[in-house]
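Start from the sequences and build out the full structure, keeping to the hints where you can.
Line order of the protein sequences matches chains U and X.
Its first residue numbered 1, the first sequence is counted upward by one per residue in this note's numbering.
Its first residue numbered 1, the second sequence is counted upward by one per residue in this note's numbering.
In short, the hints are calculated from the structure, not lab data.
Do not take every clue at face value.
Computed footprint of chain X on chain U; a stretch qualifies when at least three of its residues, placed anywhere within it, have a C-beta under 8 Å from a C-beta of chain X [to be verified]:
1) 93-104
2) 191-198
3) 332-340
4) 430-442
Here are the simulated lysine to any residue pairs, SDA-like style, with alpha carbons at most 20 Å apart [unchecked claim]:
5) 64/X <-> 86/U
6) 364/U <-> 402/U
7) 93/X <-> 14/X
8) 323/U <-> 87/X
9) 93/X <-> 27/U
10) 316/U <-> 322/X
11) 93/X <-> 129/U
12) 93/X <-> 157/U
13) 93/X <-> 334/U
14) 93/X <-> 335/U
15) 93/X <-> 324/X
16) 93/X <-> 265/U
17) 323/U <-> 14/X
18) 64/X <-> 24/U
19) 157/U <-> 192/U
20) 93/X <-> 336/U
21) 64/X <-> 389/U
22) 64/X <-> 27/U
Note that CB positions come from ideal geometry on N, CA and C, so glycine has one too.
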Amino acid sequence: MEISREFVQELEEIVGPTYVHTDPVDLQCYAFDATFEEWRPDVVVRPATTEEVARVLRLCHEARVPVIPRGMGSGLAGGTVPFPNGGLVLSLTRMNRILEIDEVNMTVTAEAGVITADLQAEVERRGLFYPPDPSSIKHSTIGGNIACNAGGPRCLKYGVTKDYVMGVKAVLADGRVFSAGGKPIKYVTGYDLPALLTGSEGTLAVVTEALLRLTVKPTVVRTATVVFHDLDLASQAINKVLWAGFVPATLELMDDTTIHTVEEYLHIGLPLDAAALLIVESDGRDEKVVDDEMRGMVEIFRAAGASEVRVAKDEKEREALWKGRRSVSPSLARRRPHKLGEDISLPRSAIPEAIRRIKGVAAKYGLPIAIFGHAGDGNLHPNILFDRRNAEEWARVQQAMAEIFAIALELGGTLTGEHGVGIMKRPFVPQALDPVAVEAMWRIKRALDPHNILNPGKIFPTDMKV
Amino acid sequence: MTMVQPQVQNVVQELAARISHDDVLRCIRCGLCAYTCPTYRVEECESMAPRGRLALVRAVIEGKLELSPRFAEKFYDCVLCAACTSACPSGTKADAMLLEARHVLFDAGLVPEPVRGLLERLETRHNISGEENAGRLVWCSNMEHAPTGLGRSQAETVYFVGCVGSLFPMSFSIPQAFSQTLDLAGVEYALLGGEEWCCGYPAFISGDVELAREMAAHNLEAVRQAGARQVVVTCPSCYHVFTHVYPELLGEEALAGLKVLHATELLADLLESGALRPAAVPIRVTYHDPCDLGRKSKVFQPPRRVLQAIPGLELVEMASTGANSLCCGGGGNVESSAPALVESMAGRRLAEALDTGAELIVTACQQCKRTLSSAARKRRLRLRTVDVVELVWQALEQTHSGGSR
Ligand SMILES: Cc1cc2nc3c(=O)[nH]c(=O)nc-3n(C[C@H](O)[C@H](O)[C@H](O)COP(=O)(O)OP(=O)(O)OC[C@H]3O[C@@H](n4cnc5c(N)ncnc54)[C@H](O)[C@@H]3O)c2cc1C
Ligand code: SF4
Ligand code: SF4
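Here it is in structure tokens:
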């Protein structure tokens with residue numbers, strides 16, 4: 001993509017020369033996200049206001065320059081990588097003000113570039129609570145969370161990002177600004193545009209502000225780890241817990257490969273002969289209610305065949321129990337130089353079968369695959385560990401990945417639960433979605449972005465042309 | 001100091017030889033380190049984040065990027081606070097690689113102009129200020145009682161003052177306070193005067209390893225000439241370089257038979273044994289961990305023990321503290337090339353301090369004191385910063401003069 005000197009000057013007039021970057025050194029820093037995809041943009045622009053975003057988009061719309069919105073670049077789908085033709089990376093990190101906290105209606109209005117952890121800390125100072133908790137809260141933005149519909153361990157009980165987006169201010173591809181949604185909890189006047197933008201991965205509009213729903217901060221948390229020697233027993237136990245009416249705040253699962261990898265790294269005495277390790281949490285504002293819920297769940301797990309249940313007695317023990325889960329990523333990174341973290345999402349009942357089949361894939365291709373994820377909602381992260389510099393190994397990884405997607409689809413699941421399609425899962429979209437549905441999505445995309453300048457090359461299968 | 005002209009190919013090879021591809025690949029580009037990186041949090045751009053800086057090293061090694069002055073800038077505007085390394089879940093030693101990159105850039109002659117000036121001063125004057133090194137003891141001249149170390153050339157202990165305390169009038173109060181405290185406690189010590197050279201850290205982190213080595217060798221020789229078995233320092237960078245860099249430059253045996261202490265380690269013992277009895281200082285303070293002393297040398301407790309030994313004093317911690325402490329912005333020699341950046345970093349630290357409700361920031365570093373004080377002045381904040389040795393001396397002076405102040 002050729003970008004003219006005049007075009008750069010116009011950008012400089014809009015946001016100021018300090019915030020337009022064309023030096024290869026700066027461009028290289030915006031060539032990647034948290035995947036290993038790498039494509040250098042032609043220019044990086046860092047606006048400070050919605051008005052600046054609008055003017056930049058108007059310019060790009062006229063010049064047909066691709067615009068790739070970017071938060072903190074923690075995405076796991078290559079969504080903010082300027083693939084395949086470069087273009088303009090629109091970094092929203094300077095738009096990081098919290099505009100309003102409405103304590104009565106329990107909402108927060110914030111600019112898209114606010115770091116999620118900062119927003120959480122700010123509302124928690126007032127006893128309020130923004131529940132969506134991707135593990136990347138410290139390195140992702142509200143805009144990125146909305147664009148990917150981020151979820152986290154708490155989402156079985158509290159829901160994912162989309163359950164908290166009440167309104168947005170956004171800029172269309174041609175530079176027109178619109179607001180949609182508002183503070184009323186019930187709001188059916190017209191299409192739900194905030195919902196449409198949530199999970200749209202920067203392909204429909206650039207979100208510049210969000211109005212988010214808040215709840216009251218839970219003050220009591222109880223944590224337990226539960227060990228099973230049999231995956232089916234674990235799965236049945238989880239169903240029994242849910243059928244009994246309990247809604248655990250967290251229900252995380254680690255498979256045996258994950259347990260082994262973490263144990264090798266930390267030496268904290270994880271059960272090496274277990275098939276699954278669960279982390280279960282109960283939270284609320286009443287100590288007795290929370291204790292009762294935890295006790296009830298523990299009883300069910302024991303009766304359903306758990307070989308070990310440990311409930312943390314205090315904050316220190318709670319930290320210790322979480323330590324294993326928190327160390328999954330780093331311990332995997334130490335084992336092999338690269339990892340491909342998949343994000344398949346399944347009906348809950350299919351979890352044991354999916355894990356068994358993925359283990360078959362690991363054996364077939366001779367690749368370690370660690371599986372962990374959110375057992376309560378069926379979202380699993382099979383992580384394939386490898387060295388990308390070895391071409392033959394990389395080829396095996398790609399085959400393994402395709403088989404994992406096939407397994408998810410066969411079992412009634414889908415490609416991705418929270419990371420998004422981005423570049424990497426595009427080829428599998430035709431298998432995953434109804435062709436008419438893909439066509440409908442593409443029509444929406446074209447209606448809002450007729451020249452396909454907003455994050456082109458993402459989500460849609462390669463043969464979709466403007 | 002010899003300036004080699006840029007020989008790009010050689011430099012790329014040099015970078016690849018000194019920073020292994022495996023080490024950079026350990027960074028999985030998750031981006032978490034940006035959250036704790038003081039330069040990122042001020043500029044909010046990826047080229048000011050650890051991940052971005054590592055990506056640049058990697059791109060050069062992989063042949064995707066050429067070296068340029070802009071490339072060099074990205075390494076010389078990092079304060080080398082090591083917050084990235086301490087936050088990284090995958091065990092990436094980011095700060096070590098960023099420092100290594102400076103060494104390679106120096107060899108290639110790609111050092112930014114202000115840093116070059118600093119290196120010239122260090123080479124010709126053996127100190128960072130550029131004044132005659134013989135004047136290192138001027139801080140003693142207007143003291144009521146001259147420090148006993150002034151006339152002593154031989155002692156068990158050498159008090160190594162460091163460039164800032166020796167040559168910057170604004171910081172004279174630190175060696176003045178500490179020397180009087182040593183005298184009060186009856187510790188015999190020698191001062192090296194003109195034989196004390198810069199510790200070598202500014203040269204080392206600017207990339208001139210040879211100059212740093214020369215300074216290290218000279219200083220250790222001067223300490224041995226004084227017959228000392230112990231060196232005590234008030235400057236965290238001196239402390240870090242003596243304990244962590246000298247062995248790297250001169251071999252582990254270079255420090256044999258020599259103990260290196262930070263002033264707070266010595267003071268904590270003297271206060272707890274009752275050798276020093278401070279008067280009550282009934283104020284609420286917060287302690288700012290200097291990066292070179294805390295995160296990079298793991299001295300967290302001694303300064304806190306010192307503060308807790310002062311009766312009536314209440315210590316409150318900031319939101320980021322200890323190993324997670326936020327840099328004041330004064331590290332890495334960034335000040336000379338990007339003063340506004342340093343000022344903004346200091347502003348973020350001041351905001352954390354204000355949040356604690358403390359009336360005073362205590363640190364254990366003349367540089368942190370300078371950076372935080374001047375940012376507070378600019379912002380018209382009434383929050384002062386003092387070095388812990390100054391606070392201790394203030395409390396001792398009160399006991400001494402019968403609490404009349
Ligand atoms: C270690 C690690 C753990 C993670 N854990 C989780 C997890 O538990 N749950 C989870 O859901 N995700 C997780 N992620 C993935 C990632 O953090 C999320 O997808 C996050 O929402 C991305 O936010 P970001 O600000 O980094 O966006 P980026 O990566 O910068 O962008 C992601 C996508 O959003 C688009 N976008 C960004 N901002 C805007 C905007 N303002 N308007 C329109 N489009 C925009 C981009 O174009 C891109 O398509 C994890 C990632 C890492 C590295
Ligand atoms: S250095 Fe560590 S924390 Fe920073 S991006 Fe790389 S892996 Fe993540
Ligand atoms: S050493 Fe400090 S300033 Fe430098 S990259 Fe790491 S965190 Fe940022």
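Legend entry - Holds or violated: residue 323/U to residue 87/X, with C-alpha atoms at most 20 Å apart: Given pair residue 323/U, residue 87/X holds - Cα atoms ~15 Å apart, limit 20 Å.
Legend entry - Annotated coverage of the segment 93-104 of chain U by chain X, confirmed only when three residues or more have a Cβ within 8 Å: Per the Cβ count (3), the hint holds.
Inset, instruction - Sort out whether residue 14/X lies within 20 Å of residue 323/U, counting only the CA atoms. - result: Violated, at roughly 39 Å.
Inset, instruction - Assess, step by step, whether the Cα of residue 93/X is no farther than 20 Å from the Cα of residue 334/U, and give holds or violated. - result: Status holds; Cα separation ~13 Å.
Legend entry - Given pair status - residue 324/X, residue 93/X, alpha carbons within 20 Å: holds (16 Å)
Legend entry - Pairwise hint evaluation, residue 402/U against residue 364/U, where the allowed Cα distance is 20 Å at most: Holds, at roughly 13 Å.
Inset, instruction - Take the C-alpha atoms of residue 64/X and residue 24/U, compute the straight-line distance between them, and say whether it is at most 20 Å. - result: holds (10 Å)
Legend entry - 8 Å C-beta test of the segment 332-340 of chain U against chain X, three or more residues: Coverage by chain X holds here, the residue count being 5 at a Cβ distance below 8 Å.
Inset, instruction - Verify the proposed pairing of residue 93/X with residue 265/U, using a straight-line Cα cut of 20 Å. - result: This hinted pair holds, its Cα atoms lying about 17 Å apart.
Legend entry - Restraint check for residue 64/X with residue 86/U, where alpha carbons must lie at most 20 Å apart: Given that 20 Å is the threshold and the Cα spacing comes to 15 Å, the pair holds.
Legend entry - 20 Å Cα cutoff - pair residue 64/X, residue 389/U: holds (16 Å)
Legend entry - Pairwise hint evaluation, residue 157/U against residue 93/X, where the allowed Cα distance is 20 Å at most: Cα-Cα ~38 Å, so violated.
When each numbered hint is compared with the structure, violations occur for hints 2, 4, 9, 11, 12, 17, 19.
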